[in-house]
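S.K.: For the sequence shown, the UniProt record's numbering assigns the number 1 to the initial residue and increments by one for each residue that follows.
Source of the hints: derived by calculation from the structure; they are not laboratory data.
Treat the hints loosely; a few may be bogus.
Stated by the list, open to error - Across the chosen pairs, the derived CB separations fall in these ranges:
1. Leu423 <-> Lys169: 27 to 37 Å
2. Gly42 <-> Arg445: 39 to 49 Å
3. His260 <-> Arg467: 28 to 38 Å
4. Arg467 <-> Asn532: 21 to 31 Å
5. Arg191 <-> His127: 36 to 46 Å
6. Arg522 <-> Cys413: 25 to 35 Å
7. Glu101 <-> Asn536: 51 to 61 Å
8. Ser412 <-> Gln523: 27 to 37 Å
9. Arg418 <-> Ala271: 38 to 48 Å
10. Gln105 <-> Pro256: 31 to 41 Å
Stated by the list, open to error - Pairs of lysine to any residue, SDA-like flavour, derived with a Cα cap of 25 Å:
11. Lys310 <-> Ala463
12. Lys88 <-> Leu176
13. Lys169 <-> Gly49
14. Lys481 <-> Arg514
15. Lys88 <-> Cys172
Note that the structure is a prediction, hence the values are computed from the model and not measured.
The beta-carbon is built from N, C-alpha and C at its ideal position, and this holds for glycine as well.
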Amino acid sequence: MRRLRVTRQITILSLLVTCAAFHLGEGTSFGYARWSLWSSWGPCSRTCGGGITSRERTCQPGYYRGDGLRHEGSRCSGNFVQHMLCNKQRCPAKSANSVEEQCSQYNNKEIFGHRAKHWVADDNPTHKKDPCELRCRTEDSSLSYGFGKMENGTRCVSNGVCFRGRCTKFGCDDILGSRLVTDMCAICGGRNLSCVQVQQMYSSAHGTFHDYSPVTVIPTGATNIRVEEHTKNFLALLEGSPPNVTTDARFAPHMPGELHLAGTVFTYNMAPDHNESFSALGPTTGPLTLMTFLTEDGSQEVLYEYWIPKEKDLGGRTTLSTTKRRTLFPSRTERSDKVTVLHDDPEATTGKPRSTLDNRIPTLGKENKWSKTSGATVSPSVSELSTPPVPSILRKKPKKPQKKPRKPRPGSCPRCLRVKNQLEHYCSSDLAAHIKVLSVEPMERGEVRYDVAVLESFRNVFALQQREFLWSPNATCPCPKLVVGGEYVVMGHLEANYRRKESRLVANDKSFVRRFNDKRRRQLRRLRRRRNEKCNRTL
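All chains should be built: construct the whole structure from the sequences, respecting the hints.
M.R.: Pasting the structure below:
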């Protein structure tokens, strides 16, 4: 107690001294360590093909004015140096790439008693274990040799470069070590809040043999575009939208490669079984018309998806011809007629539909009709109105006997706890989706893996596929318990750096899981529309 009084006296005395010094003009102030402004970026290590530039800042320690002394009462948190990619544009076609250029520095030089005229990059994975090792070979492959580490800025993985001998990943802001990623809306560091997903299966038995058949129009501003076709027909992409599109426009090549259309780069692939696919990050600077060239009789099957800004959301979307919509997750042997759309569709109402927007996707067929929902209210009859019901408050409810919690039998699994508070879990989870369990498989380390089909997404902060693996940490007594063939609403989390190289979806005993029903769907769709308002109150 005495020590506490002395401490208080010292504190009060120091405050009095500080105030007195301030009034006497000393200007005494308590200083804290703080960062200086960043210096300007230094020169880039390469003129093309990707280099490294750096900038620095210094930590300025705190000090007291008047006594001339510097007191390091606190330290600055963070890094004092930053490295960023620069000059990422491709080098001229005739110039050698970065690795080839580094290997060419040893041309006509004697290496361990051997003199080689030309050294080229050795990409054999059995020879090169370190991704940042500069390993070169002679043109006749008679000699392979490692020349140390590659230069800073040399690409080692798709999102990483070599820096000081190590493969260092960079974020979407091009800063080395940054963890920022681009969301599906093409916003660096975003959380998919400014766009919605459009995903449809186009199916049609109409069309002229050996002629082009329109499928849909991909609007301006679309991002993360993916198109798949699993028949013997051919895909084609054209710039523009009907009626300004003709078959004389530029078509996609039928050889794997890149195609520059609407301000973005599309990657075209064709598998040996003739399955085709287009993919692009976007955003597109103009509309694109997706078509198929019919080479066989029968139905057309095209799966397409893209993300579009919310201000350009087209509401009820249709394809360019009369189509039969099918499930978003087709299989080659079995298909379903169930319609599921992974974007913010308007709720069906009994009133008039919304007016057609100017930027709505054009159609050559009939528009989808709005219909009344199955849950529409019906006016009561006169006889029902004549006898008012007894208020529920006045009714006496029988008391239910309290059940004692059952003790689990020896060797049996206890009941899974019923996780509550749907809104809190919705706002804090990385995934909230309507799924269907296709199969279940026990895995090593006592885990269980579910193969699920994502039927509708109500919230996802990462790129969500049509088929996903959902992991549960306990295979002996799994919680939640998911049954094959069952449909559920699952709110889970994304576990990054699983085994240091993968990411996976996890649902454990603390995840919100419920059997799926229409009432739950309506609740989550309302949450999806008012996500920002609801979640800002919760978090």
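S.K.: Are the hints correct? Go through all of them and say.
M.R.: A quick look at each hint next to the structure:
| no. | hint | result |
| --- | --- | --- |
| 1 | Leu423 <-> Lys169: 27 to 37 Å | 35 Å, holds |
| 2 | Gly42 <-> Arg445: 39 to 49 Å | 47 Å, holds |
| 3 | His260 <-> Arg467: 28 to 38 Å | 31 Å, holds |
| 4 | Arg467 <-> Asn532: 21 to 31 Å | 29 Å, holds |
| 5 | Arg191 <-> His127: 36 to 46 Å | 42 Å, holds |
| 6 | Arg522 <-> Cys413: 25 to 35 Å | 33 Å, holds |
| 7 | Glu101 <-> Asn536: 51 to 61 Å | 52 Å, holds |
| 8 | Ser412 <-> Gln523: 27 to 37 Å | 33 Å, holds |
| 9 | Arg418 <-> Ala271: 38 to 48 Å | 46 Å, holds |
| 10 | Gln105 <-> Pro256: 31 to 41 Å | 33 Å, holds |
| 11 | Lys310 <-> Ala463 | 17 Å, holds |
| 12 | Lys88 <-> Leu176 | 14 Å, holds |
| 13 | Lys169 <-> Gly49 | 17 Å, holds |
| 14 | Lys481 <-> Arg514 | 10 Å, holds |
| 15 | Lys88 <-> Cys172 | 13 Å, holds |
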